[in-house]
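Enquirer: Could you slot chain Y onto chain A? The hints should help.
Heads up: the sequence lines are chains A and Y, in that order.
So in our numbering, spot 185 of the first sequence is number 1006, and the numbers just go up one at a time.
So in our numbering, spot 105 of the second sequence is number 158, and the numbers just go up one at a time.
Among the hints, a few may not be true.
So the derived label-pair ranges between C-beta atoms look like this [claimed, not checked]:
id	chain 1	residue 1	chain 2	residue 2	range
1	Y	Gln146	A	Thr929	22 to 30 Å
2	A	Leu861	Y	Asn165	28 to 36 Å
3	A	Gln1022	Y	Leu108	44 to 52 Å
4	A	Pro847	Y	Gly209	52 to 60 Å
5	Y	Val197	A	Ala843	50 to 58 Å
6	A	Leu861	Y	Asp112	54 to 62 Å
7	A	Val915	Y	Met213	53 to 61 Å
8	Y	Asp91	A	Lys917	53 to 61 Å
9	A	Pro847	Y	Arg155	55 to 63 Å
Everything labelled a hint here was simulated from the structure, so no lab data went into it.
Predicted model only: the values in this text are computed from it and were never measured.
Note that CB positions come from ideal geometry on N, CA and C, so glycine has one too.
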Amino acid sequence: MSEMVVFETGNIQFALDRKCIAHIEPTAAGLKAKKNRNPLKIMTYKGNPLSVIDIAAYLDKGIDAPHLSDAKVVIIKGASDMGLWADSVKGPLVAKKEQMAELPPVFTGTARACFPNVLHLKDRLALVVDVGALASLNQCSHESVLTDETRQMQDTDKQSAAFAAKKGNSNPIAGRSGLNPLEKVVAHKLKEPAVARKLQQIIERHVKRVVARTIAETLKQQSIKLNFN
Amino acid sequence: METTFIHKRSVQVGNIEKNSRKTGAQVFIFPARTSGFDGNPVYYLFSVRQVVEVLRHVDVQAVPFGPKYAEGVAEWRGHVLPILSLEKCLGLQESNEQMPRRTIVVRSVAENSNGNFHESYAIVKVGAAVHQLALPLACEPVDVPHWVTETACLSGVYQMQERFLLVVNVEKILNA
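Here chain Y stands alone, though its shape is the one from the complex:
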């Protein structure tokens, strides 16, 4: 698993085709913790630069009165990070607990009003079957499906064969 270091900008999905030939950009797709819709599995799409680390184990400390999509906090490399449920952020129905899972640390980069870049990190639980794909992807943008009930934190939805790829705006979730 590639571990990335600090970069100035994360790869914007809209520029995938433009930059892919120059940089050979890669993306990861992780299964969402949901049973799929109309027989089509659902995945989250992250750029390689967004996925910082895959964790073997994380001790979750629940936080009372927190938002429903924040399961708690955990310690990572001396930092306190929130643990997010992307399914709850998007209003998806979570599948049963028997699906093998993986815990990853994702990075988001945002530009503030002074023109400085600010990095944020979060821990996210996803399905275990990760796929690393090279851009460009043979996919097409689609309208937000009806089963995504919370769209505020969604940057885009794509369909690649039978798979739905959801691009989540982690920065928006962290600053919601």
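Excised from the complex, chain A in its bound form:
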């Protein structure tokens, strides 16, 4: 028997082992309501950036827009930079062994890794979430963003080189126009993709820290104003 927390997002019910949960946080002011769901959001938690995964956003067909009135973020224990978006949290329940069933074999790959079991509830089924697999997915989402950006910059590099060759300019960096000095350095380093990736990671981490600091300072100033009033 294990204690599970059931939460719902996009009209899908999920269950998570209570031991995996560090904290359940109300949604932050920075997470605005949008028409379409975003699989990955960033919010500030205890002064640090936190990736919030909305699992329902990974479904192909249209899902209801997120509603913020009861929305919570389930902070995962052991993965301090990851949380799960929940439109609503149903509260803990004790799940018996007989209530657990394996996900049918037709579901393989990521689906099977992230939701290996299904929990029989009174009126519905809930997908049991494997936090480790989702954390890997979170990591891949970040990396794919970096890979896409690196690829775009490589395309830009190729286009610029072709343009420079056309113009008879042998130096592709000098031939490129409109790139700031940082971009030029990264573009030059694209000859070594591993280095480019590392640089991108450093830039991304720095940007996240700056954004988190800015949000924290803004909130502090707003709270000071409210106290004065």
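Expert: Frame of chain A; chain Y shown alone:
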């Protein structure tokens, strides 16, 4: 609607004519959720032993990252079954939602390497107008039409007057 119990083997389409006179085998044909091709309607053919139950209502629980032909899972008699779209399995274009539909539970039986039989179940959504027919059918096998783009899960195609009858290998879909 006849509800069947556990059997050792499902009826193989290739043996229909051989066994029909002895067993009086029956089949069901359900309309596919597609608008037909060249004016000919498309049906799925299942043996009576394959169709376990017709459900009135099923609560679909979608599964993120699942295959496109698996719409989700649902609970049936304490089991968790996948809900399959046969149209997506075969690459057919689904028709609009206004066609009356029916949800059925189908069974497939497969033999494993030890010689034991293994049963699998799945929920399938089909058109509502079911026909129960006795074998032998006045039909002939035809080549797989061009509008069936995914043929891996197709056991055979037959033409009965203007109707196309598709025999789907459910076991292959479930173990794909």
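Enquirer: The structure should be examined with respect to each hint, and the outcome stated for every one.
Expert: Verification of the supplied hints:
Between Gln146(Y) and Thr929(A), the C-beta spacing of about 25 Å keeps the proposed range 22 to 30 Å intact. About 42 Å separates the C-beta atoms of Leu861(A) and Asn165(Y), a value inconsistent with the hinted range of 28 to 36 Å. For the pair Gln1022(A) and Leu108(Y), the supplied restraint of 44 to 52 Å holds, since their beta-carbon distance comes to about 51 Å. Here the CB-CB span from Pro847(A) to Gly209(Y) is close to 57 Å, well matched to the stated 52 to 60 Å.
Checked against the hint of 50 to 58 Å, the pair Val197(Y) and Ala843(A) passes, with Cβ atoms roughly 54 Å apart. At about 29 Å, the CB distance of Leu861(A) to Asp112(Y) disagrees with the hint of 54 to 62 Å. The hinted range of 53 to 61 Å is satisfied by Val915(A) and Met213(Y), whose Cβ atoms lie roughly 55 Å apart. The hinted window of 53 to 61 Å between Asp91(Y) and Lys917(A) holds, with their beta carbons roughly 55 Å apart.
Checked against the hint of 55 to 63 Å, the C-beta distance between Pro847(A) and Arg155(Y) comes to roughly 44 Å, which is inconsistent with it.
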